[in-house]
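Chain B: place on chain A using the hints.
Chains as they are written, first to last, in this note's numbering: chain A, 383 to 803; chain B, 145 to 286.
Heads up, some of the hints might be wrong.
Said to hold, decoys possible - Below, in silico cross-link-like pairs of lysine to aspartate or glutamate (DMTMM-like), each with a Cα-Cα straight-line distance of 25 Å or less:
no.	chain 1	residue 1	chain 2	residue 2
1	B	Lys194	A	Asp529
2	B	Lys194	A	Asp647
3	B	Lys194	A	Glu562
What the hints assert, rightly or not - Pairwise CB distance ranges, derived in the manner of DEER restraints:
no.	chain 1	residue 1	chain 2	residue 2	range
4	A	Met638	B	Pro280	56 to 64 Å
5	A	Thr577	B	Glu205	55 to 63 Å
6	B	Met240	A	Arg761	48 to 56 Å
Note that these hints are calculated values from the structure, not bench results. Cβ atoms here follow ideal geometry from the backbone N, Cα and C, with glycine treated the same way.
Letter by letter, the chains look like this.
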Amino acid sequence: MEGKPSGEPVASLPPSQESRPTFVTHLHPALVSERALRFSTTLGAGIAALTLFGVLVTSGGLLALTYAPASAYASLIELEQAVPFGRTLRALHHWSADGLLIVALLHFLRIVGMAAYARRPFNWLVGLALLGLLTLSALSGYTLVGDQRSFWGASVVAGLLAHLPVAGATLVRLFFGSGELGPASTGRLFALHVTLLPSLAFGLIVAHLWRVRRDGGLAADTPQAERVPARPHLLGREVLVALLVLTAVVALAAAMPAPLGPPADAARPNNPEKAPWYFLALQELASQTPSLVVLLVLFVAILALACLPWLDDAGGAGSLIPSAKERVVLALSAALTVGGLAAAYGAVGRSAAARSAPALAVLGAVVLALSGGTLATGRRAGLRAALLTLAVAYLVFTLVGACRGANWTLAWPWQEGAGGA
Amino acid sequence: MSSIATAALGTAAIATGAAALAIASHVDSGIDSTLLPPLLPAVGSMLFIKEQAVYLVRTPEGLGALSARCTHLGCLVRQNGRGFVCPCHGARYDGMGRVTAGPAPRDLPWLAVQVRADGAIAIDRRREVAAGTVAPLAPRAR
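With the rest of the complex left out, here is chain B:
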């Protein structure tokens, strides 16, 4: 349970929007899944989840999680155009996390995402999945 973090959408999130998206280290009860759609990134865009250091990627098929941790020396990459750039040594990745330039030895890993029945999003930081893997969104949230 501790390795699974849940995106908990409380009342604060309604007031301040996506920036207030809170991540709890436990499975949060009382999640109002009806809040999910306005806080999700739009299809084709992504949202940085600060506490998890991941980019939540929304595709037409669902939600994926791309680690923001640079595979070179562990800084956090930033969005730059359609891809990412590391501000510490200039490693560059495309929007899928593939290395395009600079010193990074590996692509950015994609992490397992689970969209629960109640609409809560769980990201497992320890479980790497194939690039581009997304979890389908629950019908209600879509």
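Chain A on its own, in the form it takes in the complex:
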């Protein structure tokens, strides 16, 4: 407690030097740089994500009171029709999850763009693990709804997991049970969704925040003269971002209910049966790539991201704004990816033998971007170009996936039979 003699009246201290630091105030340094305060530096992603996590835990805890894994769909209908604010509560949980995915993705892109991983490899790994937990939470969450998407989503994920060498069959039994998909498997996924995943996430969030503080906070190199007291400058902005996010997500939940498709029919998937927006790219990839290759792509992508701080040889963090030479490399990489994918999809349309062409086009673009960028401006630029290529491919696959209509033919998403994203 700052070595303060006991008995001294607290009121005599200026408000900004509050002598009873709480856990929350301990997360803040006494002084922060003005650069770290700017919204453009952080996107407010940390506070926005924390706020959404809080909303998810709270709304999830309340939802669990009425949720029945054995009759999932019926319990959701009852929640939405008979429980006061039940519909809004589920909508709040749904839109907060979507919001958290978007915020986490933006934060991820910022960290990659600024090469902030280079100096803080530990927190980069913690962040990646959090992104993984978030993805698994979203996945297990939508399998709990009991509609068509839940059932067939779980079915496809179990099918994909079964292709994993050695551990595949065991993992499927662990997470989905040994029988057919139904109340028993929903019970397992529910347990995973409400116990292991959120508690692991909570632990890693604490580690993530603690590490930011330990590493000197945001913009650690700022000279002392350019620093201002964290309170009120930082705290005020944090409260503002939290309130804005809270307002936005509550307003959205009040205006728009969470989607609820027709009840699961184990004999007849919808046509088409589409994954939620964040998995559309993966679904599109799976629709034209052997399952083992899909797993390999995921494995290599995760491994490469985890190794990024050690692959990058430039040391310190960079700027989000690329240099002129780098901009040319990045623009060429993006154009190459889009062009390659367009040509590949053209080839698929002409010949069934070319069905893996889009996946191969992405692989080619990544290799070209990595080697071209490295030769032109160094290894960091090469890595950035390769990551941009992957991001563009993800975007293109998502858009194509959104345009898959009945019988998996391409149709505009707003056309009849295209199915919701």
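Relative to chain A, chain B alone:
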């Protein structure tokens, strides 16, 4: 016995037609084989048996069973023109279950069908047979 399912044609089936074709997980007694012909798919067409996730295929030679379970990631395929399409990732098969396009690694398997003396149809989901294998229908049912 548990792996053999029997198409049991009860009185409900008479009233509501082929859609009510019931599958029991045990060998059902009291099957009225005289009900069989109007409920069978017409020659050259097929009928989806929901509980078994198979297409019952009628050819001039008899009855075959084609699994509806997509060999890609396990969704159920739908009839599309003369063939099948999977609504989850777009795998395509022809009317014999052979892969024509998309990500499916194998053809749809054909399953063993048995037409019993009393006209009941048994499909063994665990026993794969050569593509196009059909069981001859009992003379009464034909």
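message = Run through the hints listed earlier and report the numbers of any the structure violates, in increasing order.
response = Those not satisfied: there are none.
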